[in-house]
Amino acid sequence: QLQLQESGPGLLKPSETLSLICNVSGGSISSTSYYWGWIRQPPGKGLEWIGSIYYSGSTYYNPSLKSRVTISVDMSKNQFSLKLTSVTAADTAVYYCAREHDNRYFDYWGQGTQVTVSS
Amino acid sequence: DIQMTQSPSSLSASVGDRVTITCRASQSITKYLNWYQQKPGKAPKVLIYAASSLQSGVPSRFSGSGSGTDFTLTISSLQPEDFATYYCQHSYTTPYTFGQGTKLEIK
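Protein chains in written order, with the working numbering: chain A, 398 to 516; chain B, 485 to 591.
Think of the hints as simulated: they come from the structure by calculation, not from any bench.
Think of the CB as a built atom: it goes at the ideal place given N, C-alpha and C, for glycine as much as any other residue.
Do not rely on the hints blindly, as some may be mistaken.
Rough simulated footprint, nothing fancy, chain B against chain A, three-plus residues with beta-carbon under 8 Å [said to hold, decoys possible]:
no. : segment
1   : 438–448
2   : 459–471
3   : 501–511
Based on the sequences and whatever the hints tell you, model everything.
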């Protein structure tokens with residue numbers, strides 16, 4: 398059974414860089430059928446897609462965040478990561494990693510990790 | 485960006501009711517429309533992909549229809565475990581966007 402698990406700091410100060418890792422177990426991140434994505438959800442609000450990556454390193458990002466986002470993959474560790482620079486309070490959210498099926502839907506999700514930006 | 489608008493934003497219903505949630509896209513997305521269910525404190529779970537395909541393991545009381553700009557999610561007979569928030573999401577092109585959610589509550 399595929400499992401995804403997010404990890405990273407839960408509290409950041411404004412202007413810092415958010416760094417999260419998604420560890421994938423029960424399956425290979427280098428599968429040719431899938432992308433791997435990040436989605437976030439501010440408290441009490443809806444879902445926002447951040448970006449996705451293929452095992453080869455090919456990425457696509459939400460233009461609203463593109464200038465601040467980097468998603469990378471580490472096949473040796475079977476994990477992928479998210480970096481978001483210059484965070485503000487507006488970046489406070491639960492961050493989810495998920496597998497993007499080649500039919501373009503997210504079929505496996507991590508449990509989510511809360512990130513709070515506060516001075 | 486393609487905007488996704490769900491209606492209603494909230495809905496009260498009883499166990500056994502038939503419920504329909506609507507999602508409208510700001511432009512045609514052909515059949516690139518997915519539906520998710522989210523319970524408090526949990527990650528979303530995909531129910532329907534490509535507008536009408538039932539994800540493996542999802543009960544058959546869930547169904548989806550539509551194409552172009554108008555889509556519906558139908559629950560044929562509500563069960564207690566179905567009370568949750570439902571989101572539509574388009575995957576026609578990037579950026580993928582989600583609807584604002586429909587909260588389904590017990591009447």
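Violated constraints from the hint list, given by number and in increasing order: No hint contradicted; all consistent.
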